[in-house]
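Chemist: Take the sequences, apply the hints, and build the full model.
The opening position of the sequence shown corresponds to residue 38 in the working numbering, with each subsequent residue numbered one higher.
There's no promise every hint is true.
[Stated by the list, open to error] Taking lysine to aspartate or glutamate and the DMTMM-like style, the derived pairs with C-alpha atoms no more than 20 Å apart in a straight line are:
| id | residue 1 | residue 2 |
| --- | --- | --- |
| 1 | Lys141 | Asp68 |
| 2 | Lys152 | Glu130 |
| 3 | Lys141 | Asp50 |
| 4 | Lys42 | Asp68 |
| 5 | Lys189 | Asp50 |
[What the hints assert, rightly or not] Computed spacing ranges between beta-carbons, pair by pair:
| id | residue 1 | residue 2 | range |
| --- | --- | --- | --- |
| 6 | Leu133 | Gly69 | 13 to 21 Å |
| 7 | Ser123 | Leu192 | 20 to 28 Å |
| 8 | Glu40 | Met109 | 32 to 40 Å |
| 9 | Gln146 | Lys188 | 19 to 27 Å |
Bear in mind the hints are in silico, worked out from the structure with no lab data behind them.
In this text, a Cβ means the ideal position worked out from N, Cα and C, and glycines have one as well.
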Amino acid sequence: MTEKKEVLIAIDDSDSGEYTLNWAFSNVLTDGDHATVVTVTRPPNSITAAGALAGSLTTDVRVHYLSEAEDMALTGLQSLVNSVRSKYYKNVEVQLSAQVGEPKQVIVQMAKQVKPTMLLVGSRHTSIGLLTGSVSHYLAHHCECPVVIVKKPVLA
38 MTEKKEVLIA IDDSDSGEYT LNWAFSNVLT DGDHATVVTV TRPPNSITAA GALAGSLTTD
98 VRVHYLSEAE DMALTGLQSL VNSVRSKYYK NVEVQLSAQV GEPKQVIVQM AKQVKPTMLL
158 VGSRHTSIGL LTGSVSHYLA HHCECPVVIV KKPVLA
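Modeler: Given below as structure tokens:
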């Protein structure tokens with residue numbers, strides 16, 4: 038009997054994120070597996086450094102804004118996951134997480150908490166030459182689990 042996998046899937050709201058999620062369902066996930074799908078939104082500068090240092094925003098306003106940003110991201114993530122899951126007939130338990138922060142750090146922390154069999158992360162082809170993107174490169178070097186970088190094919 039095949040051991041069930043715990044897969045962490047880190048995506049954003051780009052086409053690459055949707056491709057990565059579809060790729061996970063068609064190539065990695067099987068009945069009985071568990072997937073945690075995480076998306077991380079960077080906070081605007083006014084909420085982080087400038088606003089905090091200048092004191093122009095109260096803590097309550099920052100917390101409220103970040104909470105709303107997470108809620109909006111979670112709603113979008115739920116919609117995407119529902120759309121992708123409807124294409125596959127697999128009994129996979131999916132947990133969603135939408136967070137605001139620095140993606141590199143948040144995803145590494147999630148990997149430490151979830152202890153996945155593997156981490157799947159999309160690549161947006163924003164790097165130059167043969168170098169991987171900064172987030173995927175960071176994750177490949179700082180996560181303790183295997184990291185699979187899923188690249189959407191570039192059509193000529």
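Chemist: All hints are to be evaluated individually against the structure, with a verdict given for each.
Modeler: Quick rundown of the hints versus the structure:
With a C-alpha separation of about 30 Å, the suggested pair Lys141 and Asp68 falls outside the 20 Å cut-off, and the hint is violated. This hinted pair checks out: Lys152 and Glu130 have alpha carbons roughly 16 Å apart, not beyond 20 Å. For the suggested pair Lys141 and Asp50, the alpha carbons sit about 16 Å apart, so the restraint of at most 20 Å is met. About 10 Å separates the Cα atoms of Lys42 and Asp68, which keeps this hinted pair within 20 Å; it holds.
Under the criterion of a C-alpha separation no larger than 20 Å, the hint pairing Lys189 with Asp50 is consistent with the structure, at around 14 Å. At about 19 Å, the CB distance of Leu133 to Gly69 agrees with the hint of 13 to 21 Å. Between Ser123 and Leu192 the C-beta distance comes to about 25 Å, which sits within the given range of 20 to 28 Å. The given range of 32 to 40 Å is respected by Glu40 and Met109, whose C-beta atoms sit roughly 36 Å from each other.
Against the hinted window of 19 to 27 Å, the Cβ-Cβ separation of Gln146 and Lys188 comes to about 24 Å, which satisfies the hint.
Of the numbered hints stated above, the single one contradicted by the structure is hint 1.
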